[in-house]
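For reference, the chains in residue letters:
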Amino acid sequence: MALTGIQIYKFLPKTNCKACGFPTCLAFAMKLAQGQAELSKCPDVSDEAKQALEAASRPPMKLVTIGAGEKKMEVGGETVMFRHDKTFFHPSALVVRVKDTQSDDEIAQTVEAVTKYTVERVGITFGMDGIAIQNDFGDAGKFAACAEAVKGKTDLPLILMSDDAAAMGAALEKIADAKPAICGANKDNIDAMIELAKANGVALGIKGDNLDELAELSEKAAGAGVEDIILDPATRGHGDSLNALTQMRRLAIKKQFQPMGFPTITFPGEGASSLDEEAVMAAQYVAKYGSIVVLDTFDPAMVYPLITLRLNLYTDPQKPIQMAAGIYPIGNATADSPFCVTTNFSLTYFTIAGELESTGIPAWLMVCDTEGLSVLTAWSAGKFDAEKIAKTAKEQDAASKVGHKKVILPGKVAILRGELEDEMSDWQIMVGPMEAMDVGGWFKKNWN
Amino acid sequence: MAVEIPVDKWTGKIRELKFGGGGRKEVIIGGASTLPYLKFEGEPCNPTRVAITIHDCEPPYPPGLLSAWGDVVKDPSEWAKKAVEIGADIICLRLTSAHPETANTGAVEAKATVDKVLSAVDVPLIVLGPGVAEKDNEVLMAVSETAKGQRIALGNCEEKNYKTIAAVAISDGHIAIAKTPLDINLAKQLNVLVSDVGVPMDSIIMDPDTGALGYGIEYGYSINERLRLAALMGDSMCQIPIINHAGPETWRQKEARAAEGVPAEWGSLDERAVIWEELTAIACINSGADLLVMNHPKAVEMIKATIGKLSA
Chain B
39 MALTGIQIYK
49 FLPKTNCKAC
59 GFPTCLAFAM
69 KLAQGQAELS
79 KCPDVSDEAK
89 QALEAASRPP
99 MKLVTIGAGE
109 KKMEVGGETV
119 MFRHDKTFFH
129 PSALVVRVKD
139 TQSDDEIAQT
149 VEAVTKYTVE
159 RVGITFGMDG
169 IAIQNDFGDA
179 GKFAACAEAV
189 KGKTDLPLIL
199 MSDDAAAMGA
209 ALEKIADAKP
219 AICGANKDNI
229 DAMIELAKAN
239 GVALGIKGDN
249 LDELAELSEK
259 AAGAGVEDII
269 LDPATRGHGD
279 SLNALTQMRR
289 LAIKKQFQPM
299 GFPTITFPGE
309 GASSLDEEAV
319 MAAQYVAKYG
329 SIVVLDTFDP
339 AMVYPLITLR
349 LNLYTDPQKP
359 IQMAAGIYPI
369 GNATADSPFC
379 VTTNFSLTYF
389 TIAGELESTG
399 IPAWLMVCDT
409 EGLSVLTAWS
419 AGKFDAEKIA
429 KTAKEQDAAS
439 KVGHKKVILP
449 GKVAILRGEL
459 EDEMSDWQIM
469 VGPMEAMDVG
479 GWFKKNWN
Chain C
3 MAVEIPVDKW
13 TGKIRELKFG
23 GGGRKEVIIG
33 GASTLPYLKF
43 EGEPCNPTRV
53 AITIHDCEPP
63 YPPGLLSAWG
73 DVVKDPSEWA
83 KKAVEIGADI
93 ICLRLTSAHP
103 ETANTGAVEA
113 KATVDKVLSA
123 VDVPLIVLGP
133 GVAEKDNEVL
143 MAVSETAKGQ
153 RIALGNCEEK
163 NYKTIAAVAI
173 SDGHIAIAKT
183 PLDINLAKQL
193 NVLVSDVGVP
203 MDSIIMDPDT
213 GALGYGIEYG
223 YSINERLRLA
233 ALMGDSMCQI
243 PIINHAGPET
253 WRQKEARAAE
263 GVPAEWGSLD
273 ERAVIWEELT
283 AIACINSGAD
293 LLVMNHPKAV
303 EMIKATIGKL
313 SA
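Chains as they are written, first to last, in my numbering: chain B, 39 to 486; chain C, 3 to 314.
Simulated from the structure, these hints should not be mistaken for lab results. Being a predicted model, the structure only gives us computed values, none of them experimental. Note that CB positions come from ideal geometry on N, CA and C, so glycine has one too. Keep in mind that the hints are not guaranteed to be accurate.
[Said to hold, decoys possible] What follows is a set of in silico ranges between Cβ atoms, one per label pair, in the way DEER data are often shown:
1. C:13 to B:118: 30 to 36 Å
2. B:425 to C:11: 29 to 35 Å
3. B:472 to C:263: 27 to 33 Å
[To be verified] Some chain C residues well away from chain B (every beta-carbon gap over 10 Å; in silico):
4. 4
5. 143
6. 255
Could you build all of it, start to finish, from the sequences and the hints given here?
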């Protein structure tokens, strides 16, 4: 937790020696609090003060990076319990696990499919975040060969999964330069795994059978110099996971309890007997405190909903998603389809798009850039007026898409009709319903 | 190392609300004294209950949802029976045919449908009007009278139209559903209005609205969480159980309806659509829903099993 200048001042020698470049210790303390000076500039600071100040300036949950290439995985770094408190910063990483007991072909197929999967939503392209490789066969050479083969087929970050330090070491010999995370350590192999993590400069996953054990192992690893840690509380069910991960997040955020101040890793596929079961468990982890979600199935029918949920929950509540300005077809819209206008606040767009969709009547929906404001708010802020609508229609070349030259305004801005008639003089301006949900009925009455 | 678990001390509690009675099975919702399913923080409350949507006429469901129910969609009492077999704790009957733009049926038909459904099943009922103020008032008055003493829920009371529905709920001992559009302050304010006209606090359930996954669920999610936190901190007007329409919201959306003309990256429609409803539902549960309204039999089974695991 950040300290104030006055709190920092108490730790300083109060000699006003000016060696730090500031006239007084108090001035130096104020600069430290603002992050504009470094404590090392003080020649007389005590070790005790140094420790206290460093601890206080550490983020409550460390941001951990996995991978060496362009597609790095960054997890953790969260600062709040609830998204409405501020926002969640680093979306849960969706990872797919392959096992060295699978055939080479099967592994190659999954890795290729996961690597090349991309999907677009609200104008943003999303993909999968990594691949985990599980040592199930029990042979170090085979695990290492499998890891090497996977690495050759993907540029995604990797997670090596084995309890066997010898096997982990063998795999790291092959792929350490890809900076995979190693999962990992438990109470029986912790010393050997710490050595591997340190020697290779990779993140260490630690599993503890309960939070006491997990904290102890985490503290041990950090004490030995492992900087990047990922925590697995060993819970696999809905209830026990929700409780354990909530406790861990609280310990990190509210208590600044350092052994728990790291991202978490979760395994929704373990124990799941169907795609749906895995999907629902994974969704809970996305919502409630899973930093890495390791799936055992790769199926777009599960992955796309999960990516959508993650996008929704990790959206900054202060900065709602905005749609790009444009003319969007709803259904198989043609030159004869009704042409509606709305704002670029994503919720406004999705509400009216959803209602249009459910009428079964194909339509065009033109989105104007209103800086993320809804219809009435944008209108009252002067960001959704006749000029903006006319300009957007021109820029997006509405006339080439729509043959009938009729434009339907949201009912709430009926007042714009007159001005819009001036701005778009060769168009007929129609006033649609007040509420999106009434658009179906409105079409029936007003659109033939 | 003994880790000291931070336990939040809450002073407030969600009210318990009882459906049914008068010969009908009783179902109690609410009662939470912690954030959802945090056992380390307090006594477990009633688990999230699941209501299944049925309609009084064949609804415009997409083929996958329609075929999952089969012929029962033509007969509300058969539909209700099948829904109970699948695990419905409560039946949520929508009087879709009363909408002026569909069959525009009236009080007589609404009463007849509700009588049939009440005699077909023994679980409690939620009855929703078509969402047009005049028609809601007309059909719900008739419904309220015929179900007197069996404590069903009537909806929706909205800011612009709550007095009639609230009045009949009071006189016939039913529950009033207070519905507001995605705004925590409006939600709280409508609870005040509905209780001010005399609906007892233990007979109100609030629908603060939620979008489906991909359609504003983050708003519903945060409103649920903020309402629950305010309730636990002692705000009595927020201590009213929450109902979320996870199913109906999902099945309106393209992701649950479109098999063709969508990217291959969306996956197969049948699986995606059900998962879409399940993910909407689990987000509601994790943020504080006390009662979920759902649509697809497979999603209901999965979510009921999940609730079982959360409570275990």
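The hints, checked one at a time:
{"no.": "1", "hint": "C:13 to B:118: 30 to 36 Å", "verdict": "violated, 22 Å"}
{"no.": "2", "hint": "B:425 to C:11: 29 to 35 Å", "verdict": "violated, 56 Å"}
{"no.": "3", "hint": "B:472 to C:263: 27 to 33 Å", "verdict": "holds, 30 Å"}
{"no.": "4", "hint": "4", "verdict": "violated, 6 Å"}
{"no.": "5", "hint": "143", "verdict": "holds, 23 Å"}
{"no.": "6", "hint": "255", "verdict": "violated, 6 Å"}
In this structure, the earlier hints numbered 1, 2, 4, 6 are contradicted, and the remaining ones agree with it.
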